[in-house]
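Colleague: Sequence:
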Amino acid sequence: MRSYDTILVGLGLAGGCLAWAHQARGSELLVIDREESVTASRIAAGLVTPVTGQRLVKTWRLDEFYPCARDFYRWVEIETGVAFFHELPAVRLFVDDNERACYEKRQSSPSYAGMFAPIDRWPASMPAPFGGVELVPAARLDVAQFLQVTREHLRSRQCYRAGELQLPQDVQLIHDGVELPAWGVRARHLIFCQGYAAHANPWFQGFAWNPAKGEILIVAIPGHEEPRIVHRGIWIAPTGMKNASGDRLYRVGATYDWSRLDQVPTPHGREELEQRLASSLTVPFHVVGHDAAIRPILKNLNPVIGCLPEHPAIGFMNGLGSKGSLLAPYFSQQLTGHLLEGIPLEPAVDFSIRRGQGG
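In terms of numbering that gives the first Met the number 0, the sequence shown opens at residue 0 and continues consecutively.
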């Protein structure tokens, strides 16, 4: 039976970043993934922006998280020789006077210093009667590319296996870790990075979920050339790809549905996104793709990391929500330090504390 320091279950953003964080510390690692065709990570646009919502609220702990994410992804790019983290200012086009008033209030606050800049090149084909502003720092993580190169890297090191654990029967707790007899492996820690699928995990209980189904479109916009992420009551993000006619492809999103928790694209979701996009463009577009997935959001909103107090060999990283591209590098490194060196976790995200508080 082969031994590892850590076995990770799930290769989405959480699992991918956790795998790299382990490699950075020289840890013996195995990743097990069931290779679903559709997950929140696989269809994510990977947007990283400094403000969020109509009130332009500064992103939580941006000054800590952004440099960490940038340096982390740049390191992985060097390790793999593949570029997937693209830094460019984002553009915010105000939808009404209220949104512009929020901006004018924010720009005078010291905590927002350096985050707003005049737009020197206005997005073509997008009306802006209320004005707009560039947002910095901002970036787009090509999540699908990041996960693909991560999977290939793990395979090349023979520390990746495809398949699905049957819980709890596949897992045996031993005095110094866990064994997976059917897989012929053991480890000091078994860490689940399952996204919303963790709601059925027998060990990940006691948390209040607030998952949201999200739908996005892939659209071709003939004649529209915009490398930046643009927000105008909807976000439009370049994919870096073109269709057979040479038109650039963009992701457009996203809907929020808290009632129908499945991964099936709906006519209603498509119609909503098409209407919102049409009101933001002065040129035609056509839809070439439509996806849906469930965001793993906890009611507390903060992510959760750590291990079971009663079974310290079993742990989790979850609840990254819609900010996973920004949060995953920071918290994957924090969890790795905790697992390998016993470094304490922040109380706000510590699994053992959060579970006792109901998530």
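Hint data in this document are derived by calculation from the structure and do not stem from the laboratory.
Where a beta carbon is used, it is the ideal one built from N, C-alpha and C, also for glycine.
Don't take each hint at face value.
[To be verified] In silico EDC-like cross-links for lysine to aspartate or glutamate, where the CA-CA straight-line distance does not exceed 20 Å:
| # | residue 1 | residue 2 |
| --- | --- | --- |
| 1 | Lys-322 | Asp-70 |
| 2 | Lys-322 | Glu-340 |
| 3 | Lys-241 | Glu-178 |
| 4 | Lys-298 | Asp-246 |
| 5 | Lys-57 | Asp-4 |
| 6 | Lys-57 | Glu-27 |
| 7 | Lys-298 | Glu-225 |
| 8 | Lys-322 | Glu-63 |
| 9 | Lys-322 | Glu-86 |
| 10 | Lys-241 | Asp-256 |
[Stated by the list, open to error] Label pairs and their in silico Cβ distance ranges:
| # | residue 1 | residue 2 | range |
| --- | --- | --- | --- |
| 11 | Gly-245 | Glu-345 | 24 to 34 Å |
| 12 | Phe-129 | Pro-308 | 46 to 56 Å |
| 13 | Ser-155 | Met-240 | 24 to 34 Å |
| 14 | Ser-258 | Ser-36 | 36 to 46 Å |
Colleague: Determine for every hint whether it applies to the structure shown.
Modeller: Outcome of the hint check:
1. Lys-322 <-> Asp-70: holds (17 Å)
2. Lys-322 <-> Glu-340: Not OK: Lys-322 and Glu-340 at ~27 Å, beyond 20 Å, violated.
3. Lys-241 <-> Glu-178: Violated: Lys-241 and Glu-178 sit about 47 Å apart, past 20 Å.
4. Lys-298 <-> Asp-246: Measuring from Cα to Cα gives roughly 40 Å; hence the hint is violated.
5. Lys-57 <-> Asp-4: Judged against 20 Å, a Cα distance of about 38 Å means the pair is violated.
6. Lys-57 <-> Glu-27: violated (38 Å)
7. Lys-298 <-> Glu-225: Between Lys-298 and Glu-225 the Cα gap is close to 35 Å, so the pair fails against 20 Å, i.e. violated.
8. Lys-322 <-> Glu-63: Holds, at roughly 14 Å.
9. Lys-322 <-> Glu-86: With Cα atoms ~16 Å apart, Lys-322 and Glu-86 stay inside 20 Å; holds.
10. Lys-241 <-> Asp-256: violated (30 Å)
11. Gly-245 <-> Glu-345: 24 to 34 Å: Given range 24 to 34 Å: violated, Cβ gap about 48 Å.
12. Phe-129 <-> Pro-308: 46 to 56 Å: With a Cβ separation near 52 Å, Phe-129 and Pro-308 satisfy 46 to 56 Å, so the hint holds.
13. Ser-155 <-> Met-240: 24 to 34 Å: Roughly 25 Å apart at Cβ, these two residues keep to the hinted range, so it holds.
14. Ser-258 <-> Ser-36: 36 to 46 Å: violated (24 Å)
Of the hints listed earlier, those the structure fails to meet are numbers 2, 3, 4, 5, 6, 7, 10, 11 and 14, in rising order.
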